[in-house]
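Required output: the full structure, derived from the provided sequences and hints.
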Amino acid sequence: MKISVTSYSFGSYINEDKLGLMGIIDKAAEMGFEGIEFSSGAWSQNLNPDVALAIKERCAEKGIACIAYLTGANFLNPDLDAEIAALKKAVDFTAAMGAPMMRHDVAWNYDGAKKHSRGYDNALEVIVPAIREVTEYAASKGVKTMTENHGYFSQDAARVEKLINTVANDNFGALVDLGNFMCADEDPVKSVSIMAPYAIHVHAKDFLWKSGMEINPGEGWFQTRAKNYLRGAIIGHGVANIYQSVQILKSVGYDGYITVEFEGAEDNLKGIRIGRDNLMRFIG
73 MKISVTSYSF GSYINEDKLG LMGIIDKAAE MGFEGIEFSS GAWSQNLNPD
123 VALAIKERCA EKGIACIAYL TGANFLNPDL DAEIAALKKA VDFTAAMGAP
173 MMRHDVAWNY DGAKKHSRGY DNALEVIVPA IREVTEYAAS KGVKTMTENH
223 GYFSQDAARV EKLINTVAND NFGALVDLGN FMCADEDPVK SVSIMAPYAI
273 HVHAKDFLWK SGMEINPGEG WFQTRAKNYL RGAIIGHGVA NIYQSVQILK
323 SVGYDGYITV EFEGAEDNLK GIRIGRDNLM RFIG
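Residue numbers (our numbering): 73 to 356.
The hints are simulated quantities; they were obtained by calculation from the structure and are not laboratory data. The model shown is predicted, which means the values in this text are computed figures rather than measured ones. From the three backbone atoms N, C-alpha and C, an ideal C-beta is built for every residue, glycine too. Possibly wrong hints are sitting among the right ones.
As the list claims (entries may be wrong) - Distance condition first, Cα-Cα at most 16 Å in a straight line; then the derived EDC-like pairs of lysine to aspartate or glutamate:
no.	residue 1	residue 2
1	Lys342	Glu102
2	Lys213	Asp242
3	Lys213	Asp164
4	Lys128	Glu106
5	Lys99	Glu133
Stated by the list, open to error - Across the chosen pairs, the derived CB separations fall in these ranges:
no.	residue 1	residue 2	range
6	Arg345	Leu125	22 to 32 Å
7	Val198	Asp89	34 to 44 Å
8	Gly284	Trp180	18 to 28 Å
Structure (structure tokens):
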């Protein structure tokens with residue numbers, strides 16, 4: 073397995089008054105990462121091909137692989153055609169970066185006005201054909217697409233597994249986030265054991281947890297689907313049991329990238345550094 077980092081982990085360091093976009097590539101290489109992925113943000117708002125080319129060239133210059141582009145999507149959007157078109161444009165951007173993978177969301181939830189047929193199976197009737205259209209287009213560009221256990225609605229292991237098996241396309245797989253199952257109040261280790269065979273990419277993210285029966289702990293914490301509390305933590309400092317999940321990945325023969333994803337309260341560079349060191353020890 074190889075260790076990578078996401079641009080998201082750098083937080084405000086991606087701003088031009090700090091390291092900037094090119095600077096985080098330099099810093100990732102300096103810190104010893106083998107790959108870097110890029111999460112959509114203000115820097116990618118227009119999907120400028122010149123920016124994609126600059127990323128590709130800077131990564132090549134620094135000897136670090138550009139591995140993925142991550143973007144949002146909502147196939148329950150009333151304008152489904154526009155959503156699909158936007159993702160195809162994101163595929164073009166991903167290919168121009170030289171990245172072999174693109175993660176996109178699938179849905180956040182139904183519109184509040186919808187009163188019936190609101191189940192996950194109902195959503196699959198719309199989501200699955202859209203995913204197939206996007207991934208078939210991506211395959212023609214040499215890009216694999218993937219879904220992540222992310223966003224509450226499509227976050228449980230059973231739901232994500234069902235989605236992948238219903239799409240049933242070899243170009244579409246799972247970005248398995250080792251911590252994110254906690255957002256759906258699942259035991260992350262059990263959920264990783266279900267999803268590991270479908271992984272084409274992995275995020276290592278850790279969390280601290282507090283019961284929803286307690287008063288809100290304040291700044292830095294957010295609520296799970298069942299209204300428990302989570303706060304991002306340095307890999308190995310939280311309760312997601314990243315070490316055990318890494319052993320599960322090993323047991324199914326996963327040998328791709330594991331990305332350090334940090335969203336804790338500590339300084340981003342410190343969180344990334346310690347997280348990488350711990351992840352290296354966990355991999356062995």
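Violating hint indices (sorted, rising): none
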